[in-house]
Amino acid sequence: MTSNMVALLAVLVVGLAAAAAAREVPAGSDASIQHGVPSGQNPDSNRHPPPINMEGGVSIQHGVPSGQNPDSNRHPPPIKMKNGDVSIQHEVPSGQNPVSNIHPSPMKMQNDVSVQHEVPSGQNPVSNIHPPPLEMQNDVSIQHGSRAGRTRIRTVILRPSVQISSRPGVVPFKTQLDSSTHSALSECRAAVSPSPEMARGTTSMEVRADGVAVITISNPPVNALSLDVLASLQKNYVEALNRNDVKAIVLTGAKGRFCGGFDINAFGNKPKNAKPGSLSIDFLTDIVEDARKPSVAAIDGIALGGGLEVAMVCHARVSTPSAQLGLPELQLGIIPGMGGTQRLPRLVGLPKALEMMLMSKPIKGKDAHDLGLVDAIASAHELVSAACSLALEIVEQKRPWFKSLYRTDKLPTLGEAKEILRIARVQAQKQAASVQHPTVCIDVIEEGIVSDPRVGLMKEVLSGKMLEESSTSKSLRHVFFAQRATSKSFVKKGQLTKLEYEKKLSLLSGVLDYEQFRDADVVIEAAVFLVDYGLDVYHIDHVITQFGMPMGPFRLADLVGFGVALPQEINIFKVILSVATIRCFFRFFWRIIGQLMKLSDNDIVEMIFLPVVNEACRVLDEGIAVKASDLDVASIMGMGFPSYRGGVMFWADSLGAKYVYTRLEEWSKDYGGFFKPCEYLAARTRQNASLAAVVDGAQSRL
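Numbering (this note's numbering), first residue to last: 2 to 703.
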């Protein structure tokens, strides 16, 4: 086997190991019931969290004067701002209703300075949480150099940490799944494959002696939503609302899981003639939320995606401390589709809602309680009882009940909201310029705030349908399934035989210097090849980053330095290399390039990545990998290939095997054997077959 195979195998192992490590689930435990409501106070009107300090962010604390109703006078004390900013005081003119003036004036912040707001002793602080800087990993270092009259690329996998700062009140869009999100979604991965149990998913209703109807979602393994489950849920709700012996409704999930969201397999199977908004508006809003009987969600385990959206429709929520709540839809290239874009900002505030949606970041039940998303905390064995008690308190008018869609007490003023959304939109476009779903999500949120929440619901439905059919969503869904399929290929601890161990280990070899990578042509040798033909290195980097890579090959090599990027035999640079080389790379190449080569941006992308596809086809042909989707996961986790393009093989398959073969064949005639298509690619072209298909009969060496 050639050393080319060894290099790609190393990338594959690193990528799959990273994918497996990201799926480890931290253990959690429930705690006893904690309502966190001061004695004698209205628990709904005093839902203020303690201050939360987040590293790299801005902690803002507001206070409520002692003895006052915090809901009727939610005004912060004077805010002292450091670093030359202006002190702002929020006052209510005498005789005015304080509830109608609960929004503070805009705060002017410059140069992303840290701002500290002081809270007088004894007051109840409220935190306005801002996320820490986003950390990006899994970059690929490219080593280049000259040998035998030509320029080549060497490869080594690095994991530098590149921080992208975020301004207060705005969160960056996250393009890759991190370990915390993987942990929250790990239980949901079992739900994406059809099963007999899922086909029989339904809901059941039991009316207790105290008049509370308990409706239970039962669709193993994570109680995912489907059209059948939602139809059954609607039937139970209508029955409960029409029964005279039912005072209130509690919604929960079977076997310690509330709901893992909408079944991904059902995305393309929705009725074509369904009325837009029939689920989000006609059922959840008009039947459940606008009902004359209160509903309380009892949340344990997970409430993700559509599961959390259903819970937010209820008039109150009780959760276990360790439950996971979140809206991770943007990781699949779509937006929340059952009212999440409208209700979450009204329950937790606009900045936190943007963070949870744009970063697909779930939160724990105890944190949700601090934010006001959850009304009470209970242990798992007391959860349903606590939810029933809370529902009866609402019926007996011992506590108010709220319709989340129409709450405004946690929304900023219109001017402040537009500014927060404007900054969020700029950051989303900067960090994910090639995709549209983050900005679509922001637009839908803004529509509900500026116009009307029901108008926002309809725009959410129509925008979500458009995004479901986009190439980005199809690619991200492919990655989701590919990661789940890849995880099944790993053996459990202690079950790897000595023979299998030696077999796998024989495929790897250690090296002492970068010269031994001289035949690793897998990753982007064409980048320096293009420079040989006079293409501008700045433009190459720009095109590659616009395509979706974390950074261009030359910029990455510049960060690494000439000491790593050039082979050791070029001694002329050793004196220069003792100085910081961050500016040397471009200056050096600018002097040696000749007449600039005329290529379109698309040609540059294809000349750099189609050779990678060609080498991946060789890996499949030799049986080193059984599925092309394994190489997709490896290219994303180990090489930094953009996940919203589905991985290197999924992207190539969208072009078509014939197109890939034809382009490589043309270049091989003009520029030599580096571009020569392999036999596997030629065979797939003759058969008019997919590049992303499973290799039938292949015996994997892994």
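Bear in mind the hints are in silico, worked out from the structure with no lab data behind them. Honestly, I wouldn't trust all of these hints.
[Unchecked claim] Beta-carbon label-pair distances, calculated as ranges: (1) Ala-684 <-> Gly-257: 19 to 29 Å; (2) Asp-291 <-> Arg-209: 38 to 48 Å; (3) Tyr-660 <-> Asp-291: 19 to 29 Å; (4) Met-467 <-> Ser-601: 57 to 67 Å; (5) Glu-240 <-> Val-427: 24 to 34 Å; (6) Phe-268 <-> Asp-602: 28 to 38 Å; (7) Ser-452 <-> Lys-236: 15 to 25 Å; (8) Lys-419 <-> Glu-240: 39 to 49 Å; (9) Asp-283 <-> Glu-680: 38 to 48 Å; (10) His-382 <-> Arg-293: 30 to 40 Å; (11) Glu-470 <-> Val-427: 18 to 28 Å; (12) Gln-398 <-> Ser-452: 29 to 39 Å.
[Unchecked claim] In silico DMTMM-like links for lysine to aspartate or glutamate, alpha-carbon gap of 20 Å or less: (13) Lys-411 <-> Glu-383; (14) Lys-460 <-> Glu-470; (15) Lys-276 <-> Glu-207; (16) Lys-659 <-> Asp-604; (17) Lys-670 <-> Asp-604; (18) Lys-294 <-> Asp-246; (19) Lys-628 <-> Glu-680.
Just so it is clear, the structure is predicted and the values come from calculations on it, not from any experiment. All C-beta atoms in this analysis are idealised placements derived from N, C-alpha and C, irrespective of residue type, glycine included.
A quick look at each hint next to the structure:
1. The given range of 19 to 29 Å is broken by Ala-684 and Gly-257, whose C-beta atoms sit roughly 50 Å from each other.
2. Checked against the hint of 38 to 48 Å, the pair Asp-291 and Arg-209 fails, with Cβ atoms roughly 24 Å apart.
3. Against the hinted window of 19 to 29 Å, the Cβ-Cβ separation of Tyr-660 and Asp-291 comes to about 53 Å, which falls outside the hint.
4. For Met-467 paired with Ser-601, a C-beta distance near 28 Å fails the hint of 57 to 67 Å.
5. Glu-240 and Val-427 have their C-beta atoms about 49 Å apart, which leaves the hinted 24 to 34 Å range violated.
6. Between Phe-268 and Asp-602 the Cβ separation comes to about 31 Å, which falls inside the hinted range of 28 to 38 Å.
7. One distance hint, 15 to 25 Å for the beta-carbon pair Ser-452 and Lys-236, is violated here, with the actual separation near 33 Å.
8. Taking 39 to 49 Å as the suggested C-beta distance range, the pair Lys-419 and Glu-240 conforms, at roughly 44 Å.
9. In this structure the supplied range 38 to 48 Å is violated for Asp-283 paired with Glu-680, their Cβ-Cβ distance being about 57 Å.
10. For the pair His-382 and Arg-293, the beta carbons lie near 31 Å from each other, so the given range of 30 to 40 Å is met.
11. Roughly 27 Å separates the CB atoms of Glu-470 and Val-427, a value that falls within the hinted 18 to 28 Å.
12. Separation of Gln-398 from Ser-452 is about 33 Å and conforms to the stated range, judged on CB atoms against 29 to 39 Å.
13. Simply put, Lys-411 and Glu-383 have alpha-carbon atoms about 30 Å apart, too far for the 20 Å limit, and the pair is violated.
14. Annotation: proposed proximity of Lys-460 to Glu-470 holds, straight-line Cα distance about 16 Å (limit 20 Å).
15. For a cut-off of 20 Å, the pair hint linking Lys-276 to Glu-207 is broken: about 31 Å separates their Cα positions.
16. Of the pairs offered as hints, the one joining Lys-659 and Asp-604 holds, with about 16 Å between alpha carbons and a cut-off of 20 Å not exceeded.
17. Note on Lys-670 and Asp-604: the hinted pairing holds, with a Cα-Cα distance of about 16 Å set against a maximum of 20 Å.
18. Distance hint between Lys-294 and Asp-246 is fulfilled; the C-alpha atoms sit about 12 Å from each other, no more than 20 Å.
19. Restraint check for Lys-628 and Glu-680: satisfied, since their Cα atoms lie roughly 17 Å apart, inside the 20 Å limit.
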